[in-house]
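K.L.:
From first to last, the protein sequence lines are chains A and B.
Residue 788 in our numbering sits at position 120 of the first sequence; the count goes up by one each step and never skips.
Residue 426 in our numbering sits at position 153 of the second sequence; the count goes up by one each step and never skips.
Treat the hints with caution; some may be incorrect.
Said to hold, decoys possible - Over the 12 Å line for every Cβ pair with chain B, so calculated as not near, a few chain A residues:
id : residue
1  : Q687
2  : E710
3  : A715
4  : T733
5  : V816
6  : Q820
7  : T822
8  : K838
9  : P846
10 : A891
11 : Q893
12 : A902
13 : D903
14 : E914
15 : K927
Claimed, not checked - Okay, the calculated bits of chain B under chain A, using three or more residues with CB under 8 Å as the criterion:
id : segment
16 : 302–313
17 : 323–335
18 : 396–405
Said to hold, decoys possible - If you want the footprint, here are the derived chain B segments under chain A, 3+ residues with CB under 8 Å:
id : segment
19 : 282–291
20 : 376–383
Quick caveat, the hints were computed from the structure, so don't treat them as lab data.
Beta carbons: idealized from backbone N, C-alpha and C, even for Gly.
Given next are the chains, with one letter for each unit.
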Amino acid sequence: MSAKANDPMPGCDKVLLVQAELDGELGAAEAAALELHRAGCEICQQAQAELLRARGLMRGEPYETTPDAVRARVMARLQLVEPRLQASPARRWRWDWLRAPSIGFGLGAACAAAISLLVLLPERNDLTDAIVADHIRALQPGHLEDVVSTDQHTVKPWFDGRLDFAPPVKDFAADGFPLKGGRLDYLDGRPVAALVYQRDKHLIDLYVWPTSGAILHLSGDTAIQGYNVVHWTADGMNFWAVSDVERGQLDDFAALWRKGS
Amino acid sequence: MLPHLDAAYNLARWLMRDGDAAEDVLQEAMVRALTYFASFKGVNPRAWLLQIVRNTAYGSMALNRGIEIVPIAEESEDGAGAELVSAAEDPEVALLRTRETSHVRALVAALPVELRETLVLREFEEFSYKEIAEATQTPIGTVMSRLWRARQLLARAAHEKGLA
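Whole structure, please, built from the sequences with the hints as guidance.
P.N.:
Have a look at this one:
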């Protein structure tokens with residue numbers, strides 16, 4: 669390992685490709701070309717055997733999950749910095765907004781289904797998919813709100829300091845759409861506010877973030893996997909509402925918002 | 274639950290090689306992440322968090338330069354060895370497993386830190402080369418050769434010890 673330190677393996681310059689193939693980094697054509705080469709290259713065959721051994725060794729190693737005591741101390745420290753993390757005991761360990769684009773297995777399947785719709789749907793559907801996927805994820809137990817309150821005067825200030833804009837927050841309890849709370853989410857390449865409303869036994873997520881440029885996607889609606897989506901812009905903000913309530917009810921909800929804004 | 278806390282701890286644990294040092298790094302990194310989340314513009318929060326963990330770990334190592342952190346015998350470390358063992362497992366098999374695990378872990382711990390972090394991000398987090406390159410602020414070519422050297426050193430050391 670002296671003068672040869674930067675020379676992966678003397679004798680063949682393709683060993684890093686062998687490794688790339690094992691790591692799933694090669695395209696089909698590259699992999700096929702490599703296969704041809706490797707069949708006649710002893711060095712690459714040895715390299716592959718060595719790489720597989722190393723992988724086997726690492727696979728036997730445990731993932732270091734956080735010991736409970738460490739987790740508790742980390743949370744205590746974080747709550748000093750951000751007391752509101754402690755919103756409720758059931759939510760103490762959660763930091764929902766940090767997992768925004770990360771998705772669980774079930775949702776992975778949902779996303780795959782959503783992605784398969786991409787080819788059929790008009791533009792903006794990547795965002796629509798992201799919104800529906802996020803909504804489905806939020807419906808998983810314990811993922812819905814970071815701040816639980818039916819009071820818009822509690823929910824609105826909660827967003828202060830967490831976002832670089834002040835989202836409008838309204839309660840429509842009198843019209844049958846009570847506010848349940850809010851959370852931070854991540855969409856369209858930026859943090860956004862998500863307001864949670866209830867309609868009978870259904871939940872509505874309303875995502876709000878500032879419009880970015882002169883081009884506004886004015887308004888529209890669509891449905892993905894049984895979820896209705898309505899979006900509009902007003903006062904420099906994008907609004908996207910998604911829910912499994914009937915289309916008509918979601919339209920009513922949007923109309924209430926637009927009337928007041 | 275804090276979804277990426279385990280990933281953060283795992284990386285800190287492998288980088289620092291010592292439970293207490295790893296916790297310090299974890300605490301510091303999580304506070305930084307919480308503080309700076311508003312300025313996060315990427316799409317991969319886990320990679321972003323791990324980059325913070327990694328930078329914090331490097332900062333901590335720089336501060337402690339000269340004080341080599343040597344892990345005490347793995348098994349005695351606040352019962353960590355025992356935690357690795359599932360209750361359902363046959364005790365003898367479990368003990369054997371724990372021992373083998375410690376040996377491999379010692380070999381990984383002996384790797385230079387830049388090789389170790391590359392290996393951990395690839396094998397545990399299953400990061401792509403591109404993600405590793407971003408998290409470690411290193412060109413992809415370097416990521417590939419580091420990964421290669423890490424694995425080669427690991428495989429050969431294990432071979433010498435009769436582990437593989």
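K.L.:
If a hint holds in the structure, say so; if it doesn't, say that too.
P.N.:
Hints, one by one, checked against the model:
no. : hint    : in the structure
1   : Q687    : violated (6 Å)
2   : E710    : holds (16 Å)
3   : A715    : violated (8 Å)
4   : T733    : violated (5 Å)
5   : V816    : holds (17 Å)
6   : Q820    : holds (22 Å)
7   : T822    : holds (20 Å)
8   : K838    : holds (24 Å)
9   : P846    : holds (27 Å)
10  : A891    : holds (25 Å)
11  : Q893    : holds (22 Å)
12  : A902    : holds (24 Å)
13  : D903    : holds (22 Å)
14  : E914    : holds (33 Å)
15  : K927    : holds (32 Å)
16  : 302–313 : holds (count 8)
17  : 323–335 : violated (count 0)
18  : 396–405 : holds (count 4)
19  : 282–291 : holds (count 4)
20  : 376–383 : holds (count 4)
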